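Take a look at the letters that make up each chain.
Number of protein chains: 2
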Amino acid sequence: MYIEIDFESSEAIYEQLCNQIILGIAKNMIREGESLPSVRAMAEQVGVNMHTVNKAYNVLKEDGFLSVDRRRGAVVYVDKEKITALRELKRDLTIALAKASCKNISRAEVHALIDEICEDYK
Amino acid sequence: MYIEIDFESSEAIYEQLCNQIILGIAKNMIREGESLPSVRAMAEQVGVNMHTVNKAYNVLKEDGFLSVDRRRGAVVYVDKEKITALRELKRDLTIALAKASCKNISRAEVHALIDEICEDYK
DNA sequence: TCCCTGTTATAGTTTTATTATAACAGAGAG
DNA sequence: CTCTCTGTTATAATAAAACTATAACAGGGA
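Top to bottom, those sequences are chains R and B.
Heads up: the first sequence at position 68 corresponds to 68 in our numbering, and the numbers run straight through without jumps.
Heads up: the second sequence at position 98 corresponds to 98 in our numbering, and the numbers run straight through without jumps.
Note that these hints are calculated values from the structure, not bench results.
Predicted model, so just to flag it, every value in this text is computed and none were measured.
Any given hint could turn out to be false.
To be clear about the criterion: a stretch of chain R counts as covered by chain B if any three or more of its residues have a C-beta under 8 Å from a C-beta of chain B, and this derived list gives those stretches [stated by the list, open to error]: (1) 1-11; (2) 34-46; (3) 55-62; (4) 109-120.
With a cut-off of at most 30 Å between alpha-carbon atoms, the simulated DSSO-like pairs for lysine-lysine come out as follows [to be verified]: (5) LYS80(R) - LYS90(B); (6) LYS122(B) - LYS61(B); (7) LYS90(R) - LYS122(R); (8) LYS82(R) - LYS90(B); (9) LYS122(R) - LYS27(B); (10) LYS27(B) - LYS82(R); (11) LYS122(R) - LYS61(B).
Ideal placement from N, C-alpha and C gives every residue a C-beta, glycine not left out.
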C-alpha cells in the first residue's frame, strides 16, 4: 500500500489519505480483512503527524471502510450498506455532471469515461 | 435564481454558492449572457458578506463559468474548453466510483443514476 | 516486564473562511 | 458635473479547521 501525499495540494492531508486508501481497496491492492499500517507507522511512512493519520482512519471507520480495533489496528472491512452510499454517490455525481453538462460534455462521453475508470475496479 | 445556503453545512459558503450557480446554469434556470445579481445584492439576498460572494464569483470566473466585468457584473459565459473539464471530471469520478465500487454498487446502477441525473440538464 | 496497539488530552501553529470597514475607479443616468 | 451603481483592492479582526508536538493511559501479545 504505497501512499503518496502532495503537500502542495489544497486538499487536506487526511482527505488525501482517505481517498488513496479507498482507491487501494477498490483496486484490490488491499483486501478485505487485511490491516493497514499502525497510525504511527503510517505517519512515519508518509511523513506526517500521527494524529493526521488517526483522523483519516476514523473518517474511514465512520464511512464504513475500516474497522479499527486495538489489537489488529485498522482492518479493511467494508460495510456494504447501499442506501447511504447511493445517496452520497448521487450528491457527488449531481455537481460533477452539472459541470460536465455546462462544458458540453455529452452523456455518452460520461458513460464511456465511467466504463474506462471502472476497468481498474473489480 | 434562488439560492439557499446551509449555514450548518461543513461545506464552505463560497463553495455552496459556486455549486448552486453551476447547477442553475446546467438546469438552464439562468442562461448564457444573463447576469447574476451584483456581489452586494447577492450578499444581502443570501445573508452573507460581500467578499464571500466575490470569492465565489471569482472562482467561477477562474473555472470558466462566468465573465465578470465592471459594467454588467457577473455574466454567465461558459468557456467550453473540454480538455481541462474532462480531466477534472475524471478526477471527480475516479474517487466517487471507487467508493461506489467498494460498496458493491454495480456499473449498471451507476449508468442508470447518471441518466436519471442528466434528465434535469439539457 | 517490555513493546506494540489505539485512544485521549493539551497546547501551539498555520491556514482558510468569513466578516467588517473603507476607499478607489469606471460607467451610466439625471 | 453629480449621484449612484458596478467590480476591485486593502486592511484588519474573528472563527474555525488542519496540522503538529508531547505526553500519557489502557489493553493485548511475546
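Hints, one by one, checked against the model:
A count of 0 residues in the stretch 1-11 of chain R with a Cβ less than 8 Å from any Cβ of chain B is obtained; the coverage claim is therefore unmet, three being the minimum. Evaluation of the coverage hint for the stretch 34-46 of chain R: breached, as 0 residues show C-beta separations to chain B shorter than 8 Å, against a requirement of three. Using a Cβ-Cβ cut-off of 8 Å, 0 residues of the stretch 55-62 of chain R lie near chain B, which falls short of the minimum of three, so the contact claim is violated. Look at the stretch 109-120 of chain R against chain B: 8 of its residues bring a Cβ nearer than 8 Å to a Cβ of that chain, three or more, so the hint holds.
At most 30 Å may separate the alpha-carbon atoms for a hinted pair to count; LYS80(R) and LYS90(B) meet this at roughly 24 Å. Distance hint between LYS122(B) and LYS61(B) is fulfilled; the C-alpha atoms sit about 22 Å from each other, no more than 30 Å. Between LYS90(R) and LYS122(R), the direct Cα distance comes to roughly 21 Å. Compliance with the 30 Å bound is thereby established for this hinted pair. About 23 Å separates the Cα atoms of LYS82(R) and LYS90(B), which keeps this hinted pair within 30 Å; it holds.
At most 30 Å may separate the alpha-carbon atoms for a hinted pair to count; LYS122(R) and LYS27(B) exceed this at roughly 34 Å. Among the hinted pairs, LYS27(B) with LYS82(R) is consistent with the structure: their alpha-carbon atoms are about 28 Å apart, no more than 30 Å. Of the pairs offered as hints, the one joining LYS122(R) and LYS61(B) is violated, with about 38 Å between alpha carbons and a cut-off of 30 Å exceeded.
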